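Respectively, the protein sequence lines represent chains A and B.
Residue numbers in the first sequence follow my numbering, run continuously in steps of one, and reach 1030 at the last position.
Residue numbers in the second sequence follow my numbering, run continuously in steps of one, and reach 833 at the last position.
Since the hints were derived computationally from the structure, they do not count as laboratory data.
Some hints could be false.
Computed beta-carbon distance windows for the label pairs [stated by the list, open to error]:
| # | chain 1 | residue 1 | chain 2 | residue 2 | range |
| --- | --- | --- | --- | --- | --- |
| 1 | A | Phe-938 | B | Thr-629 | 51 to 61 Å |
| 2 | A | Tyr-924 | B | Pro-262 | 34 to 44 Å |
| 3 | B | Arg-431 | A | Ala-829 | 55 to 65 Å |
Here the structure is a predicted model, which is why all the values come from computation and not from measurement.
Here a beta-carbon is modelled for each residue, glycine too, at the ideal position from N, C-alpha and C.
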Amino acid sequence: MLNVIDYIPGTTVLHRLNPVTKVALAASIIAATFLADSYAALIALLALTLVLGIYAGSGSRLLSLLKVLVPVAALMLALQAIFVRRGTPVLFFATDEGLISGSKACLRLLGVALPLVLMLTVTKLTDLANACVEHLHIPYKYAFTFTTALRFVPVFTQEMNAIMEAQTARGVEFDTKNPFKKLTLMLPVCVPLLVTSVGKTDATALAAEERGFYLRTRESSYKRYPFAARDAVVAVCCVALIAFGLVL
Amino acid sequence: MSNIIELNDVSFSYAPGAPRALSHVTLDIPTGSFTGIIGPSGAGKSTLANVLCGAIPHHFTGELFGATYVDGQDTCEITLTDIARIIGHVNQDIDAQMVASVVEDELLFGLENFGVPHQHIEKFITAALDAVGIADLRDREIATLSGGQKQKVAIAAILALAPRVLVMDEPTAALDPVSSRMVFEVLRDLNRDEGITVVVIEQKVALLSEFCDRIVVMDGGRTVLSGTPHEVFGHAEELREIGVDSPRTARISNSLAAAGLCPAEPPALSVDEAAGLVEGILREQGTRIAGSVRTAEAPAPAAPTTPAPRPHAAGAEPVLTFRGVSFAYPGGGASVNNLELTVYPGELVGVIGQNGAGKTTATKLVNGLLKPASGTVTVAGLDTRTAPVSRIARHVATLFQNPDRQLCKNTVLDEVAFGLELAGIDRAEARRRAERVIERFGLPAEESPFSLSRGQRQMVALASVVVVEPDIVVLDEPTSGLDYRECMTVMETVREMAEHGCAVIMVCHDMEVVSDFAERLAVMADGCILGAGATRDIFADAALMERARVAPPQVTALAERLTREASPAFAHASEVADVVRTVKELVNRA
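Modelling step: build the complete structure from the supplied sequences, incorporating the hints.
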C-alpha cells in the first residue's frame, strides 16, 4: 500500500545529499516561508518545492498531497475572510485585508507541509535516524521512536482499513454519504485498533531489545554519513533562502 | 549431548493471584536438537517460549518460580541483551518483529547494536541472506513482501547474529502449505548444517512429525508428553483428549493396529511409512499386489465417504453466481480474472490455492466489499454492483481470519446482538436471539470479548455470524490460530449451518480440514479458477494440484500411491476410514 511519506528510490542529487542537509534544506524553505511577506516570494518558494519534487521524481506524490491540502487551505481562507473585519469590504462580508491575510495563510500552510513530505520521500527513515544520531547527537532512543512512529503509520492504516472492512461486511453503514454519520460509526472501531496497536508496540519493543537495542551507541551505525561538497553548496543555498525570506 | 537450555520446575503467572500460565515445567533442550512444541490454545506454549528466550522475567512481569538456565547461566541473573546473544527469538506477529523498512537495514540493526566489527558485517549479512535463500530480496522494502518472505527476513535478521538457539513462535500460522514447508526446510538446514538448536511452536502436526527429532506436548501449563515423534504420536488417545491432532497416517496405522492387523507401535508418520505398512500387511496376507490385481475379482473401489452433494442443493435456485468476474486493485495486488462460480443453498464450497492466488479477493467480491470491474456477482438475487454493502450484509455473513477486527463491543452479548440490530431487528428481540446462541456456544455473556482467549474470541465472532442466520457464510481462514478442538467446534457449527440451508464458502490452507468438510472445491492460481468439482476428484487430479502448487492431503497422497503400487481398490479413498476399510476388505478376501 502506498503512503505519502514512503521512500521513492532514486539517484538524483537530492537523494544523494546527506540526510541532515536535507532536513536543513526543508527547514530553511519553511523558515523562509514564515519570514516572507510578499505573494511573489511565497509563490516562488512553493514553486521551488514543486520543482525540486518533480526533479526527485516525487512530483505526483506532492500533487496528490496538494489535492488533500487545497480544501483545508480553502476552509482557512473562508474563516479568515469571515473573522478579519478590518479593511474595506470588497465582496459581501469579506474585506480586502481579510482576503489578503487569508490567502497568505493558505500559501504558508502549503509551503510548510510540502517541503517536509518532499524530504521524507527522498530519504530512507533508517538513514535519517542514523545521520541525525551521528551529526546532530540526538540520542538514538528518540530517533528510533520517531522513525518507528512513522513506520507504524501505514501499518495502522492497513489495520484500520481491515477493521472497517470487517465492520462493513457486518452491515455497519460505512458506505453512507453522510460524513457526520460516518464519523460517529468510526468511533467504536477505534477500540479494536487501540487494542492491536498496544500489542504491536509492545512486541516491537521486545524484538528491538532482543537485538541489542540498549547496546547501541553513536558509533554503532555501519553506514557513515559524511558531508560532501554538494552538502556545502546546499548549505549556502539554505542561508540564501532564509535571507531571501527576510528581505521579501 | 549437553543441554543448552534447562528449565527446572518453572511456574509463572502474569499477575499475582492469576492462574498459572506455566506450572512446574521441567524441560531440557539438548544442544543441536530440533524440538517442536504443540498443545491446545491456552496450554502455555507462548509463555514457555517467552521463558526460553528470557522475555520472562525481563520483559513480562509476573510471578516466576523455579529456575531457567541458558548455557549454564540463570536467566534471572543475566540481562535480556546477554541472553539474546545466545538465543534468537522470532515473535508470532511478524510485522511487529520488524524494526526497519528495508531488508538490509533489518539485518544491520542487530549486527550494529552488538558491535560486530564493521569489516565483518558484510560477510554476516550475505551469509544470513544466503542461508535462508533470500539474497535477491536485500534491497526490497519490507512492506512489499509476502508473508512467507517476511518470515524468512525475520529468520535471517536473527541468524545474522549467529545465535546458538532459534526460538520460533508459530512461524507458519499465516502461511500456505508450500511456504510453511519452505520455512521448515530452512530451519532443518540451519539445524543440520550450522548446528543451531531449534525450538518451534507449531500446530501443523504433519510438519512437526516430519522435521522434529523431539516433540513436547503441553496442556494446562504443564508438559504432558515428550519424546520422538513416533513415541508421542503413539499416544493417540491421550492426544485426542488433550485436543491435539495426530497426522492422518498415524490415525490409519492406529486403526489398523486396533483391528489387529499390525503392531501398535510405532505409528506411521508419513505417507511413505503408511504405504510401507499397508503394503506389508497385504503382502503378509498373501493378497496379490503390485500390478497383478488388475483382474475382475479385485474389489470395487471404496465408496467415497467425503460429504456428497446435498440432495436439497439440486434443483434449488443458486444463491451465489459469479459470471465472468474480473477485478484488479489499482495499486497492484492479487487480482482476479474471469471467475465463473455457482453456489447453491446448503453447499459447502472450499476455495484453495497459494497465498496471493486471489482467494481473499474472491471472498471480498462475494460480500460486496469489492465491486467487479467486469462481469456480475449476484448474491441472493442482489447485484453487488448496485446494492450497498450494508444491504448485502443481511444475506452474507463473513468470518474473518482475525476476530479482533470484527469485535468492537463491551460485552459478548452486545457483540453478538450487534449484527441483528444492524439488520434492523429491535433490541429486545435481538438480545433474546443472541442469548440463545451464546448459551449454545457456552460463552460468558457479560465478559468483554477482548479479555477472552484467541480461540474464544473466534467463537464470539462465529456466534455473531450464526445469529444473523445468513443465506451465505464466507469464511476466510476460519481455523488459523485455533487448536484442533476449537477448529473442529468451528467447523462442526459451520457444517450444521450448511445443513440448515446456508451456503458456505470457505478459504482454507489446511487441506485436512478442507477434505473433511468441503464437498466441492474451486482451485485458484494467479487470479483464475483452474478447476472446480467434487473434493475427492480435485484432490485426485495430480496435474491440477501441481499447477496450483497445492499439496494434497496425506490420505489422498497415500491412496494415490497405494492405487498405483498395491491395489486399484484404493482409488477414491479420501478419508482415514476409507483406507482402513479397504485394507480390511482386501485382507478378508485373501
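Outcome for the supplied range 51 to 61 Å, where the beta carbon pair is Phe-938 of chain A and Thr-629 of chain B: 33 Å, violated
Hint check for Pro-262 of chain B and Tyr-924 of chain A - Cβ pair distance inside 34 to 44 Å: Holds, at about 39 Å.
Assessment of proposed distance window 55 to 65 Å (beta carbons of Arg-431 of chain B, Ala-829 of chain A): 60 Å, holds
Comparing the model with each earlier hint shows a violation of hint 1 alone; every other hint is respected.
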